Amino acid sequence: MATKEIAGITVNVTEDGYLTDPSQWTREIAQAIAAEEGIALSDAHWKVIDFLKKDFASTGALASIRRINKTGGIPTKDFYTLFPDGPLKKAARIAGLPRPASCV
Amino acid sequence: MMKKILIVGAGTAGTIMAVRLSRTLSRKEWTITVLDKDENHYYQPGYLFIPFGIYTKRDVIRKGARYIPAGVEYMLAEAEQIVADRNRVKLKDAREIAYDILIIATGTTIHPEETDGMMENGWRENIFDFYTVDGAEALAKKLRDFHGRKVAIHVAEMPIKCPVAPLEIAFMTDWYFTQKGVRQNVDIDFVTPLSGAFSKPLTSKVMGHMLGERKINMVADFGTERVESGKLVSYDNRSVEYDLLITTPTNMGDALLERSGLGDDLNFVPTDKFTLQSEAHDNIFALGDATNLPSSKAGSVAHFQSEILTDNILSYIRGKELKAAFDGHSNCFIEAGYGKAFLIDFNYDLDPVEGTYPFPVLGPFSLLKNTRLNHLGKLSMKYVYWDILLRGIPVPGITSKMGMAGKKIPRESS
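Heads up: the protein sequence lines correspond to chains X and Z, in order. If you read the first sequence in our numbering, its first letter stands for residue 1, the second for the next number, and so on. If you read the second sequence in our numbering, its first letter stands for residue 105, the second for the next number, and so on.
Don't take every hint at face value.
[Claimed, not checked] Simulated pairs of lysine-lysine, DSSO-like, Cα-Cα distance not exceeding 30 angstroms:
1. 77(X) / 304(Z)
2. 77(X) / 265(Z)
3. 89(X) / 377(Z)
4. 196(Z) / 70(X)
The set of hints was computed from the structure by calculation and includes no laboratory data. Note that this is a predicted model, so its numbers are computed, not measured.
When you get a sec, could you build the whole thing from the sequences and use the hints?
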């Protein structure tokens with residue numbers, strides 16, 4: 001496991017840059033990771049991140065794109081616009097959650 | 105007072121559970137009832153061969169009742185609702201069945217209507233699935249008359265039943281048109297929401313390489329927003345044109361689970377990935393394609409789970425801790441055309457690797473390698489399925505826990 005300094009805080013991350021300890025996550029870290037991805041976080045982005053975090057806390061799993069739409073109320077088209085090129089991967093990383101496991 | 109175990113669904117998972125429980129439970133204390141809405145039992149792995157004229161309907165359909173053991177009640181009826189708080193299942197015809205233990209084995213089905221435009225723009229005209237007998241037969245007819253040009257093999261959304269099947273249909277389509285001598289008139293795209301050919305890294309690499317060799321063009325990370333006439337459109341505004349679309353539509357669990365408030369966003373049952381107990385109710389268990397487990401939706405998985413679940417149901421009945429743990433074991437042949445196939449064997453923790461897989465008489469098979477023997481293994485599964493697996497007869501080498509013998513574990517493996 002690697003560590004990385006993000007927004008002035010040293011956090012544990014996986015090889016591909018996902019936080020391994022959700023408790024190390026802060027909003028500043030989210031902003032810093034988003035900036036790495038070329039995304040400036042707006043209220044619409046935060047709505048997604050907040051839903052992902054809340055849902056993860058209650059279900060123990062990262063929501064699927066379908067769930068973000070159906071339960072989170074965020075239209076999939078908007079989700080793709082907010083987090084272009086691999087929206088779930090990017091949103092999960094910014095939210096300090098695990099990399100989406102493609103179900104087999 | 106007799107107690108009842110009710111199994112909803114008599115597919116692979118439900119039937120094998122009925123067989124195992126009928127051997128295990130005391131008939132003085134327990135009655136076992138299996139409920140199914142379809143009198144037919146389907147050998148679903150055989151669907152793949154129908155579009156190419158290798159199998160017909162006759163190879164894949166038998167009467168389900170033949171496989172339900174004596175002493176188990178088989179009811180042909182459709183469930184309307186599981187009323188879990190009252191331990192009852194209401195049927196469509198208004199009858200009710202009370203249970204002490206419920207096993208959900210209702211599987212998964214395709215839902216083309218979940219993708220905008222899929223039903224409206226040529227379903228069963230130039231858009232086909234191969235996850236139903238009717239779809240596979242209709243596709244066979246279409247392929248016979250197809251002269252080009254663009255074929256798109258498509259996956260709408262994960263998870264899907266038999267995640268290797270879209271790869272198999274792609275390899276087989278290449279083989280089929282090559283045999284017919286018209287491959288030069290056909291372009292094949294492989295359109296997937298995944299970032300590669302498969303969800304497991306090494307397999308994805310091997311399969312990606314195979315797609316390339318076969319001149320099948322990969323279109324990855326394609327989140328399908330809608331189907332237009334002759335065109336797939338993604339959420340990020342990319343498009344893939346087709347003359348023939350062979351699709352794996354959205355897979356969902358049975359609508360019964362939605363009606364019963366027991367399903368997730370795709371009507372799959374939230375289930376403990378080790379014990380197979382449902383998360384919502386202690387006396388409800390689930391296995392096979394019906395669960396939300398992060399394991400393959402495949403017959404081998406249902407078979408492996410049935411052993412674990414039988415143990416855990418016995419423990420549950422005796423008031424003991426559920427100790428048997430499913431390890432995510434899955435075992436899949438990947439038919440590649442030209443009389444060859446791959447075999448992969450993996451679980452929750454170990455992705456498919458190279459090596460050999462022990463198997464009586466025919467084996468050992470080669471893992472992650474394209475061989476003739478694997479192809480013979482795949483073809484033999486039809487007989488193994490109907491006459492051995494479904495009857496709960498143990499096969500040496502096919503065990504619920506994944507074995508390590510023969511596997512080459514890369515040192516870098518994480």
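Verification of the supplied hints:
Taken as a hint, the residue 77(X) and residue 304(Z) pair is honoured in the structure, with Cα atoms around 27 angstroms apart against an allowance of 30 angstroms. Of the pairs offered as hints, the one joining residue 77(X) and residue 265(Z) holds, with about 25 angstroms between alpha carbons and a cut-off of 30 angstroms not exceeded. Among the hinted pairs, residue 89(X) with residue 377(Z) is consistent with the structure: their alpha-carbon atoms are about 23 angstroms apart, no more than 30 angstroms. Restraint check: the Cα-Cα separation between residue 196(Z) and residue 70(X) comes to about 28 angstroms, which is no more than 30 angstroms; the hinted pair holds.
No hint from the list above goes unmet by this structure.
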